[in-house]
Amino acid sequence: MLPKFWRKIRFRYGLIGSYCENCGNYYYPPRNLCPRCRRKGKVKEVQFSGYGRVLSWSVVHDAVENFWISKPYVVALIELDEGARIIAPLDCNPREIEEGMRVRAVFRKFGEDGEEGIIHYGTKFVPIG
Amino acid sequence: MRVAVIGVGCSKFGELWEMGFRDIMISAGVEALEDANLEGKEIEAIYVGNMSAGRYVGQEHIASLIADYSGLADLHIPCVRVEAGDASGGVALRQAYMAVASGMHDVVIAAGAEKVTDVPNAVEILSSCADVEWEVFNGANLPALYAMIARMHMRRYGTKEEDLAMVSVKNHKNATLNPKAMFRREIDLETALNSPYVAEPLRLFDCSPICDGASVVILASEDVARKYTDTPIYIEACTQASDYLALQSRRDITTMDSVVQASRKAYKIAGIDPKDVDVVEVHDSFTIAEIIAYEDLGFVEKGRGAELVREGVTMLDGEIPVNPSGGLKAFGHAVGATGIRQAVEIVLQLRGDAGKRQVDAEMGLSLNVGGTGGTAVVTVFSR
Ligand SMILES: [Zn+2]
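Chains as they are written, first to last, in numbering that gives the first Met the number 0: chain A, 0 to 128; chain B, 0 to 382.
In isolation and in its complexed conformation, chain A is listed as follows (with noise of 0.2 Å):
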């Protein structure tokens, strides 16, 4: 697996982002600088709750990435609750999604790299109830 994943691991798989105290914006992923506020910002690290809503969504037929296993899977952006949007994969029957419907964040495998077998792991998120 590459560095640039490595590095940022923590914040895949524990759903770490940022908040800025001088604004009090979320923002996932994580930044170093507030856009709104830049200089006068004062960004600190937050953990989110992992509960949002799905605003968007598709089923992916056709993807080029080697490390996903089964075709097709669904992706969404998702607003969470503390305000912030995230894309990631939505792990359920594509046929059953709502936009505004509940989900929740998971820890879970996301497929292998079919050169090195590397297993990846992030962040999936799966309805509520």
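By construction, these hints were calculated from the structure, which means they are not laboratory data.
Be a bit skeptical, because a hint or two may be false.
Unchecked claim - Using 20 Å as the maximum straight-line C-alpha spacing, the simulated SDA-like pairs for lysine to any residue come out as follows:
#1 A:Lys7 to B:Val131
#2 B:Lys274 to B:Lys226
#3 A:Lys70 to B:Arg382
#4 A:Lys70 to B:Lys179
#5 B:Lys159 to A:Ile96
#6 B:Lys172 to B:Arg154
#7 B:Lys267 to B:Gly157
#8 A:Lys70 to B:Val259
#9 A:Lys7 to B:Thr254
#10 A:Lys70 to B:Gly311
#11 B:Lys159 to A:Val58
#12 B:Lys11 to B:Ser248
#13 B:Lys301 to A:Leu54
#14 B:Lys226 to B:Lys11
#15 A:Lys70 to B:Glu123
#16 B:Lys274 to B:Arg250
#17 A:Lys108 to B:Phe136
#18 A:Lys70 to B:Tyr196
#19 A:Lys70 to B:Val122
#20 A:Lys70 to B:Glu199
Starting from the known structure of chain A, fit chain B with the ligand onto it as the hints suggest.
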């Protein structure tokens, strides 16, 4: 300093198996020099848009390579490679425009080139226009990102899969009139709507084909332009704007703020309104992108973009013909070449040299977008 286009050139777009990166680039360059009636030594600088020669053909430092194989090495002029994803060509055009507008140079080349068919993972490389770590790694390649844009636009504004298909049908039809287009065959609505899903709700015929190609425009200051051509086409404005790289950070994924900002600024500089534009080339990397471009460029209010294609307004014989060339969808998307290729089409249309796809136009506009809107370049041209 007012800037004029004095010559244009374009290679064939498509899977050019028999041609390497150098051959493609040079074929477009030679055509542009002939069109501008230049010998070559008049060129003072070259700006070339290229997204990823390093990954596509394993060659970096292509600025020097291009000066060299253009036969200009002995002139020792500056040659600059510009990268902005699939807006590389548009950004190169703007760099060249600024070089002339500033008075620094009198005659410069703006080029774009990409050779993608030597590698098996061309689409994956193109997806690195998106945020590789936080979009692509999480399963959202470019088609999936545009699919999420499309779904939200459809749910919020009532845009239908049929509307997307109509964009594809229109652009394919236009391409049949363009000898250099990659796909020169008409398709019907049924074919588009029955093609397999790539990323729902986008189907195969909603996605532009990534391909090989190169394009060149030669710019000159107004003072010298008339020495070379009787039909200079003027650049009235060339603006660029950026946005958050990833969709998840955007204010609203159904609007490209970069396009809104760049176009509003361009209209202001050119002293025109959207309704003054007669012919347009937009970045239809996916069909939904063309519909959103209608809105973000101000041709119609937000949410009503689909009406323009439903009512035929953007067809070749409509009120505002969009993508008369065939667009990225049917002319082909040669990544870093596309922004220049769009400029070539607008220049041909304004000069009256567009052959069977000629429309009646005095003012033209091109929109080149990088990724899902992280970069946008808008250029306004006039006769
Ligand atoms: Zn802040």
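Right, here's what the structure says about each hint:
| no. | hint | result |
| --- | --- | --- |
| 1 | A:Lys7 to B:Val131 | holds (12 Å) |
| 2 | B:Lys274 to B:Lys226 | violated (33 Å) |
| 3 | A:Lys70 to B:Arg382 | violated (51 Å) |
| 4 | A:Lys70 to B:Lys179 | violated (36 Å) |
| 5 | B:Lys159 to A:Ile96 | holds (19 Å) |
| 6 | B:Lys172 to B:Arg154 | violated (28 Å) |
| 7 | B:Lys267 to B:Gly157 | violated (31 Å) |
| 8 | A:Lys70 to B:Val259 | violated (36 Å) |
| 9 | A:Lys7 to B:Thr254 | violated (30 Å) |
| 10 | A:Lys70 to B:Gly311 | violated (37 Å) |
| 11 | B:Lys159 to A:Val58 | holds (17 Å) |
| 12 | B:Lys11 to B:Ser248 | violated (37 Å) |
| 13 | B:Lys301 to A:Leu54 | holds (19 Å) |
| 14 | B:Lys226 to B:Lys11 | violated (29 Å) |
| 15 | A:Lys70 to B:Glu123 | holds (16 Å) |
| 16 | B:Lys274 to B:Arg250 | violated (27 Å) |
| 17 | A:Lys108 to B:Phe136 | holds (13 Å) |
| 18 | A:Lys70 to B:Tyr196 | holds (12 Å) |
| 19 | A:Lys70 to B:Val122 | holds (17 Å) |
| 20 | A:Lys70 to B:Glu199 | holds (12 Å) |
Of the numbered hints given earlier, the model fails hints 2, 3, 4, 6, 7, 8, 9, 10, 12, 14 and 16; all others are met.
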